[in-house]
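A.B. asks: Using the sequences plus the hints, can you model the full thing?
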Amino acid sequence: MMNKKYLFDNPKNVKILIRSLYACCFILFALDLVIHRHTYHPWESFIGFYAIYGCLACVVLVMIARELRKVVMRSEDYYDIKDENNNQLIEKEKKIEDLMKTGEKVDG
Amino acid sequence: MDSLLPILPFFIAAILTLFTRGSLRAAIMIAAPIIAAFGIYSLDVGHTLNATIMGLDLAPIRMDRLSMLFAYLFCIAALLGNIYALYHKDTMQHFAAQGYAASAIGAVLAGDMLTLFIYWELMALTSSVLIFARRSDASLYAGIRYLAIQILSGLLLLAGIVIYYQSVGNLDFNHIGLDAPGAWFFFLAFGIKSAFPFLHNWLTDAYPEATSSGTVFLSSFTTKVAVYALARSFAGEEILIYIGAVMAFFPIYYAVIENDLRRVLTYSLINQVGFMVVGIGIGTQLALNGAVAHAFADVIFKGLLMMSMGAVLFRTGEMRGSELGGLYKRMPKTAFFCIIGAASISAFPLFSGFVSKSIIVTAVLQEGYYGVWLILLFAAAGVFHHAGIKIPFFAFFAHDSKHIQTTKEAPKNMLWAMALSAVLCVLIGVFPQTFYSMLPWPMDYTVYDTTHVLTQLQLLFFSALAFVWLKLANIYPPELKSVNLDAEWIYRKLFPKAIYGISNVWCGFYSKFQFQTEKLLETAQSSTIQFFGADGFLSNFRSIGGMVMWVAVILSTSLFLYYI
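Keeping their order, the protein sequence lines are chains A and B.
Numbering follows our numbering, with no gaps: position 80 of the first sequence is 80.
Numbering follows our numbering, with no gaps: position 361 of the second sequence is 1361.
Keep in mind the hints are simulated off the structure, nothing from the lab.
Computed from a predicted model, the values in this text were never measured in an experiment.
For glycine and all other residues, C-beta sits at the position ideal for the given N, C-alpha and C.
Careful, some of the hints might be misleading.
Computed list of lysine-lysine pairs in DSBU-like fashion (alpha-carbon distance at most 35 Å, straight line) [unchecked claim]:
#1 A:K4 / B:K1329
#2 A:K15 / B:K1089
#3 B:K1412 / A:K12
#4 B:K1089 / B:K1333
#5 A:K12 / B:K1089
If you want the footprint, here are the derived chain B segments under chain A, 3+ residues with CB under 8 Å [claimed, not checked]:
#6 1021-1028
#7 1362-1371
#8 1453-1462
C.D. replies: Structure representation (structure tokens):
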């Protein structure tokens, strides 16, 4: 079953998908030159306003999100309730156990 | 009795789920929403049920076009959610879900504030059970936080009601406006439940911790009841436009970097509610229709997305984008339905999000809020980015994860629920005029004209182009195992730390104080013993005769001094 080739296992299909997206974008941009849109705001009448704004918005969104990550990202267990003293004790015991296993002399 | 038909079936079903099993319970869970919908249908618009309890004039049922639409919506959501949840044999969840649906419908049909308050609190209780039902430590803590904040919202509402009743003298739940007495209490109470900025973290905290079917119910009811309450009581308050714009704007950044895919959806839920709040803030009939329509569409497509993610969680036990991927090979139908949900939330033409979101955007433009319009446009592109592409991409495509070895397609009942939701998404998108005719206010609006369709397609396709470019250029932030700090940090980290810090300082101070006091007492005691004790200076070697002599000396001295 796992040897079966799926749709996107073939890089050619991925390429076709991406190329058709490029084609759609091109056509949509070209349509802007032909079709007259009714507008409320002067910016709307710029050719390709929505296309450029959409594209820019996403790039800006991702760029800011990347910067945001530097500020707000923490490890997965950040909010976990830990008893630090207890953890230290457990670690100490573990260390002693390990040392005993290796046969080294344990102080204390 | 007839008046209660929209609510009673759910309450009866809730009780019956406790005593029934298997297909009988399934039949009850499917029948309840249908009977309730019939109950709504049988009541005329304008119908009210009045009651006087302890001298208060109440209206437990008030049927108008606004409340009726929400009641129908909740019946649909409950039906879809119940079908989805059938696979679970968990009585606790089924019981809570029926109670939750009943209280949501009760809340929107409430014609007075006291009834609203009762259902408001009942909603908090029943919904928290759906979180606890996950039965993990994380869900227990998240559920307690959730419940605390929901109850806080209820208390604020109660405070508002008391102040309002004392000065206005009636409890009718209609337009309140921010100038009314106690209005800010209402505003905050509704604001908490509709996830206003800084009050929103209960949602992103608790929903992803609920069970796979629990989150479907949760995302359908609470926030939408809050939207209804805002639309009813604060329509046209300008501040809502700006609050809504912030809500639509800031969560998309978090959604891009969030790893838990259901948490991504909760951020996107806040973003969608932001659109509705903007619509309510504008307050024209067109804008209010847009807000209500968007709430309607959102319940169904967000439910569908939550269902598809719930199915993935159910089959793999995993919800982190970093650990998922490639599942289209094993769950092709779920992937297909997820894409329909994604297309709907992204507002592709012919899908439900398009016909509802366009109304709000048009209303914003017509009223001349151009800054807000640009923000909403930005947010609309962002939605496509994080909900439309990211969710299906990281769950079902991207790289092959370890789960594709073992995962199976979702159970049949889940697929049916998703299929029905998907059909509704497409039906609303294809027949907008039928959908519009159900909206509360009359409006003259056509969504399918060349401008709308073309501009929307341009916006979306070029957003997709940006995604492809960012992904190919490796700029797109990868999914990482992490949590992201948000406003919840204040009560999950700062408050506990502050309390520990203050108690530490206090303890240090107190123990020092105690030590010093003890030392002082000890010194006093020892010096007393030294002077007066058994071996003390004053009691040891002085004889009684000596003491008498000294007394005689003192007395004679004083006598002597007296005479001088």
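A.B. asks: Quick one: which hint numbers does this structure break? Sort them smallest to largest.
C.D. replies: 2, 5 and 6
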